[in-house]
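Undergrad: In the order they appear, the protein sequences are chains A and B.
In this text, residue positions in the first sequence follow the numbering used here: the first is 1, and each later residue adds one.
In this text, residue positions in the second sequence follow the numbering used here: the first is 1001, and each later residue adds one.
Hint data in this document are derived by calculation from the structure and do not stem from the laboratory.
It should be emphasised that the depicted structure is a prediction, and the values quoted were computed from it without experimental measurement.
Every residue, glycine too, gets a C-beta built ideally from N, C-alpha and C.
Be careful, since some hints might not be right.
Some residues of chain B that are not near chain A, with every Cβ distance over 10 Å (derived) [as the list claims (entries may be wrong)]:
1. Lys-1027
2. Gly-1028
3. Ile-1031
4. Arg-1047
5. Met-1110
6. Arg-1132
7. Ile-1163
8. Val-1170
Below, computed lysine-lysine pairings styled on DSS-like, alpha-carbon distance capped at 27 Å [what the hints assert, rightly or not]:
9. B:Lys-1027 x A:Lys-428
10. B:Lys-1085 x A:Lys-428
11. A:Lys-244 x A:Lys-294
12. A:Lys-244 x A:Lys-283
13. A:Lys-382 x A:Lys-225
14. A:Lys-225 x B:Lys-1085
15. A:Lys-351 x A:Lys-141
16. A:Lys-294 x A:Lys-284
17. A:Lys-102 x A:Lys-294
Each chain, written out:
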Amino acid sequence: MELLNNLALGFSVALTMQNIMYCFIGVMLGTMIGVLPGIGPIATISMLLPATFVLPPVSALIMLAGIYYGASYGGSTTAILVNLPGEVSSVVTCIDGHQMAKQGMAGKALGVAALGSFFAGCVATVLIAAFAPPLAELALKFGPADYFSLMVLGLIAAVVLAHGSLIKAIAMIVLGLLIGLIGTDVNSGVARYSFGLPELIDGIGIGTIAMGTFGFSEIIRNLEKGESREVFAKSIEGLLPNWKDIKQCAMPVLRGTSLGAALGILPGGGPTLGSFSAYTLEKKVSDHPERFGKGAIEGVAAPESANNAASQTSFIPLLTLGIPSNPVMALMIGAMIIHGIQPGPQIMTAKPDLFWGMIASMWVGNLLLVILNLPLIGMWVKLLTLQYRFLYPAILLFCCIGVYSISNATMDVYMAALFGFIGYTFLKLDCEPAPLLLGFVLGPMMEENLRRALLLSRGDPTVFFTRPISLTLLVISLVLVVIVVSPAIARKREEAFQE
Amino acid sequence: MKIGHPKDFWSGVLFAAIGLAFALIAKGVKIGDTVLLAGYAMGTPARMGPAFFPFWLGIIMLVLGVIIAIGGIRTEGGEEARFPKYHWRPILFVLGSVVMFGIILKAVGMLIAGFLLVCVASMGNPEKFQGRDVVFLGLGLVIFCAMVFVWGLRLPIPLCPDIEAVQSAVKFCRL
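Given only the sequences and the hints, what does the whole structure look like? Please build it.
TA: Written as structure tokens, this is what we have:
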């Protein structure tokens, strides 16, 4: 069995003392920032990018991945206890989770969320291991034209599934692509858009942009809103669900896991879409839909399983195609490049220890989460009482140190502040910054593939329509756009996001 | 002319302006014989020059921006669509503290720059500002950062002021 051999290789990497430790650090940090509203995995991962320079690439990526799925785990705690989602992916958990907490069943809700997530994590790990190799093999057959079209599809799909205005999101992608081109052009050696500034010749770091647009502008936004929250449930008992709960939750967890895993693979899918859809599905299939919103245990189990499954399967496009499906994956690409790893289908064959080690570490990380978090919930609740006025100066200082350390340049600190202002302006104009980050990562890769494709075709642009793979990918992108733009579906989409 | 959806309109204008700027810088600007912007080589599709991809992206963005702006004029948005109000207090204090940190970091070191960053940033909170809390927070955070980032992770951040006397007198500065 090749699959078993590969997983064995993965576990031999993931189970070294060092990697278990970094996985542990990752999931703990992830849970912590997941619990804390006002700081998400994007800001945290970009803050920690420079800190991973000293680590071997595998350990660095294991830790960063841990932060990501740990956050979707921790987000549910806040949702249930405070009725405030720690992360966007746990917004729906608030609905029934907090009702359960009000009825004195906080422990049960937390327990179901944790165990459901663990189950989903196990399934997702196996899914990645099973589906990644064939997909990577397929991707190796792609020529430059196909790759270019794949990136177009990836970017389009990522914004189609997100909410808000489609055309604004596409404009944000293009802006991201353009910002990604700042710096030296590898082919001609011309320093583009550097305005004579030596610091811009190497381009702008992804950490700088991510911290500015997601870290700083979020802080400003939170400050202008002001805060008010109240921790519910002082003592939490009865974490472990009884037999009746398990029977009640088995099917919702299964459905949530499958739906989440499927949506996670899609570009732009990810945990948020997974949890929303899982909740809607549960409500549809339930015999007693009226119980939802009043503390239905299925309403916690399904979305929590879904968001965890999705946050893990979203690694599939990253590891096999080198295409980020959401901003966190864009940062992971940034991390790989910093460590000298070119993302793409060749990772699996060129660096099997990294590839399988990362996958195996996700299972290890999930186990750590379930073992550690159930007993540690009391500590996380304490953390929730931390006021934002103490939290944000800390985030700001960590960000500044992180930005500066990327290349020991104060210029990066100013750039991050500038992007903080730009990000804030776009937020104010209802333009989501996430597509910008995706475009930013893909900008140079897209240009390179376009250049190669046109070089091979001697400048004939029809190459994108005559190669079957490329044509298929472009047609899918077009269909996606048409579907979203058509008025009937636009209305439905609106309704779905309203729910 | 009445603008129905100012948010959309202005974001469209912003996109169009940025797109135009990128396209012009790539292509270069000439009025008569005077070259205002040199631009980069455009090349041919088969041999794309450095200007090719950014120029066309800039044009695409210009078009998208114009479409968004026209849509913003024609649709009626209501209350939600009003041009947003900027909250200058958090903007100035948060971003100002970051810029200040960048300016003084190399001269005074992280311990002082970080402490001042926390103090200035805390003033951005319009609700409650308590001097004593902020001082403790600042002290705690810089010590934490020194231990974790500088001594633990060995990030090359200057800790102490860039003065020879201080550097040699205080032992941990050189770690």
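Undergrad: Each hint needs a verdict: does it hold in this structure or not?
TA: Cross-check of the supplied hints:
For Lys-1027 (chain B), the condition that its CB be more than 10 Å from all CB atoms of chain A holds, with the nearest at approximately 12 Å. Listed as a non-interface residue, Gly-1028 (chain B) keeps its Cβ farther than 10 Å from every Cβ of chain A; the least gap is roughly 12 Å. Non-interface call for Ile-1031 (chain B) relative to chain A: holds, since the shortest CB-CB distance, roughly 20 Å, exceeds 10 Å. The claim that Arg-1047 (chain B) is not at the interface with chain A is violated, since a C-beta of that chain comes within 10 Å of its own (minimum 7 Å).
Consistency note on Met-1110 (chain B): stated as away from chain A, yet its beta-carbon is not over 10 Å from all of that chain's, at 7 Å minimum. For Arg-1132 (chain B), the requirement that its beta carbon stay farther than 10 Å from each beta carbon of chain A is met, with the minimum near 13 Å. The Cβ of Ile-1163 (chain B) lies farther than 10 Å from every Cβ of chain A, with a closest approach of about 18 Å, so its non-interface assignment holds. Against chain A, the non-interface label of Val-1170 (chain B) holds: every CB pair exceeds 10 Å, the least being about 20 Å.
For the suggested pair Lys-1027 (chain B) and Lys-428 (chain A), the alpha carbons sit about 31 Å apart, so the restraint of at most 27 Å is broken. Distance hint between Lys-1085 (chain B) and Lys-428 (chain A) is fulfilled; the C-alpha atoms sit about 8 Å from each other, no more than 27 Å. Restraint check for Lys-244 (chain A) and Lys-294 (chain A): satisfied, since their Cα atoms lie roughly 19 Å apart, inside the 27 Å limit. Restraint check for Lys-244 (chain A) and Lys-283 (chain A): satisfied, since their Cα atoms lie roughly 20 Å apart, inside the 27 Å limit.
Pair hint Lys-382 (chain A) plus Lys-225 (chain A) holds up; C-alpha atoms about 23 Å apart against a cutoff of 27 Å. Note on Lys-225 (chain A) and Lys-1085 (chain B): the hinted pairing holds, with a Cα-Cα distance of about 12 Å set against a maximum of 27 Å. Taking the CA atoms of Lys-351 (chain A) and Lys-141 (chain A), the gap is about 18 Å. The hint holds against a cut of 27 Å. Distance hint between Lys-294 (chain A) and Lys-284 (chain A) is fulfilled; the C-alpha atoms sit about 16 Å from each other, no more than 27 Å.
At most 27 Å may separate the alpha-carbon atoms for a hinted pair to count; Lys-102 (chain A) and Lys-294 (chain A) meet this at roughly 10 Å.
The structure shown violates the earlier hints numbered 4, 5 and 9.
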